[in-house]
Amino acid sequence: EAGVAQSPRYKIIEKRQSVAFWCNPISGHATLYWYQQILGQGPKLLIQFQNNGVVDDSQLPKDRFSAERLKGVDSTLKIQPAKLEDSAVYLCASSLDRGQIRPGQFFGPGTRLTVL
Amino acid sequence: AQSVTQLGSHVSVSEGALVLLRCNYSSSVPPYLFWYVQYPNQGLQLLLKYTSAATLVKGINGFEAEFKKSETSFHLTKPSAHMSDAAEYFCAMILYSGGGADGLTFGKGTHLIIQP
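Protein sequence lines, in the order shown, are assigned to chains A and B.
For the first sequence, our numbering begins at 1 and goes up steadily by one.
For the second sequence, our numbering begins at 1 and goes up steadily by one.
Incorrect hints may appear among the rest.
No more than 20 Å apart at the CA atoms, straight line, and that leaves these computed lysine to aspartate or glutamate pairs for DMTMM-like [unchecked claim]: (1) A:Lys62 <-> A:Glu85; (2) B:Lys108 <-> A:Glu85; (3) A:Lys44 <-> B:Asp102; (4) A:Lys44 <-> A:Glu85; (5) B:Lys58 <-> B:Glu88; (6) A:Lys44 <-> A:Asp63; (7) A:Lys78 <-> A:Glu14; (8) A:Lys62 <-> A:Asp86; (9) A:Lys44 <-> A:Glu68; (10) A:Lys78 <-> A:Asp56; (11) A:Lys44 <-> B:Glu88; (12) B:Lys108 <-> A:Asp86.
Restraint-style ranges between C-beta atoms, simulated for each label pair [what the hints assert, rightly or not]: (13) B:Glu64 <-> A:Ser27: 27 to 33 Å; (14) B:Thr55 <-> A:Pro61: 37 to 43 Å; (15) B:Ser12 <-> A:Asp63: 40 to 46 Å; (16) A:Gln17 <-> B:Leu7: 38 to 44 Å; (17) B:Lys69 <-> A:Arg16: 46 to 52 Å; (18) A:Leu84 <-> B:Thr55: 41 to 47 Å; (19) B:Gln115 <-> A:Asp97: 39 to 45 Å.
Please keep in mind that the hints were generated in silico from the structure rather than gathered at the bench.
For glycine and all other residues, C-beta sits at the position ideal for the given N, C-alpha and C.
Next up, chain B with everything else stripped away, as it sits in the complex (with noise of 0.2 Å):
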């Protein structure tokens, strides 16, 4: 069946530290990844996603994500983190069969914590 897995429900880096969140998947096909976040009392933001062209994945505010295959991985990482980042990360996939996409399977998120 597919998962997606996030190793550690909060993380929590000084401001303009390296943010890194893990997110593992399995699934019986390639699958598409996502990363979303979340704010307060807010909905889901798609922070970026891969969809099988570039590995290496650039998204808003700084994110990036690499496609590891081999590792079955698609952690986030930002190089300098900000105040402002302080949220709920989500991890999320979705298997693209020849019917379409179906919904998002989703891990169970990270809170992502800044120290000042």
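So that you can see chain A by itself, here it is in the shape it has in the complex (with noise of 0.2 Å):
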């Protein structure tokens, strides 16, 4: 069974730039989530979708982030622009429904972010 698909892998750009990164669930899966991951700290949830639907983006700074999930399966992250502080490693996780603990969510390789 595929993982969680992720690209791209690592980006580097200026500060007021924008940049997108794109995630791949597992098949069937209808839960989303985007993580942010700053160096030295846990993830923090950014977003979480069932279905195409957002479920919570209370932490998703809405001025210059955006996400998107059009037809319920991959999703895009968007930063417009971006700040310094957005550095940081953007993770993808995947569950099989909201309304289920197991399995759990599962993990993509994440994209590391690097605002200079």
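Now that you have both chains on their own, put them together as the hints suggest.
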């Protein structure tokens, strides 16, 4: 079974530029999550989708971050414009359904963003 | 507010010694608790999870954790450390409401160092 795919794996941009990340969840997984992991900290949830609807985006900085999951499968996360403090690893995760704890969330390898 | 606290940002043990990584949680409702491991430049891998069944949970790679409600703790242990256990370990929590599971709330992580 293929895991969660993310691209690109690494990205370096200048501040005030725009950047987008892509995530393809495990086939059949209804719930998709984006997390931000700043160096030295645990991941922080940015947004949670159930199919193509947003369940929770309370910690998403909406003035610069946006995310979509138009067809309920893959998702993109965009930052426009980027700031230095956005340097982090962006992790995508998916789970079978929000209503089930088992078997849990599966994580992709992440995209490491460096903002100069 | 819900939170996860990991005591000790770095833990160093000798190969063959007991591994003990501490995790305490705070939540208004009974939580589901997880331990994840992260190797350099890789995504998060689930070690084990507590979902209100047995309080002693066994996971992969010889790790186990015990849920203690009275102490609000979920410490991770392994009887004998191996060099391959060197990694970052994250304790995490989910609150499961009637509408389903929310995103994970992570601790800041503990870097496990294995001395030869």
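Verification of the supplied hints:
no.: 1; hint: A:Lys62 <-> A:Glu85; verdict: holds (15 Å)
no.: 2; hint: B:Lys108 <-> A:Glu85; verdict: holds (17 Å)
no.: 3; hint: A:Lys44 <-> B:Asp102; verdict: holds (12 Å)
no.: 4; hint: A:Lys44 <-> A:Glu85; verdict: holds (14 Å)
no.: 5; hint: B:Lys58 <-> B:Glu88; verdict: holds (19 Å)
no.: 6; hint: A:Lys44 <-> A:Asp63; verdict: holds (18 Å)
no.: 7; hint: A:Lys78 <-> A:Glu14; verdict: holds (15 Å)
no.: 8; hint: A:Lys62 <-> A:Asp86; verdict: holds (13 Å)
no.: 9; hint: A:Lys44 <-> A:Glu68; verdict: holds (18 Å)
no.: 10; hint: A:Lys78 <-> A:Asp56; verdict: holds (17 Å)
no.: 11; hint: A:Lys44 <-> B:Glu88; verdict: holds (16 Å)
no.: 12; hint: B:Lys108 <-> A:Asp86; verdict: holds (18 Å)
no.: 13; hint: B:Glu64 <-> A:Ser27: 27 to 33 Å; verdict: holds (31 Å)
no.: 14; hint: B:Thr55 <-> A:Pro61: 37 to 43 Å; verdict: holds (38 Å)
no.: 15; hint: B:Ser12 <-> A:Asp63: 40 to 46 Å; verdict: holds (42 Å)
no.: 16; hint: A:Gln17 <-> B:Leu7: 38 to 44 Å; verdict: holds (39 Å)
no.: 17; hint: B:Lys69 <-> A:Arg16: 46 to 52 Å; verdict: holds (49 Å)
no.: 18; hint: A:Leu84 <-> B:Thr55: 41 to 47 Å; verdict: holds (44 Å)
no.: 19; hint: B:Gln115 <-> A:Asp97: 39 to 45 Å; verdict: holds (43 Å)
Of the hints listed earlier, there is not a single one the structure fails to meet.
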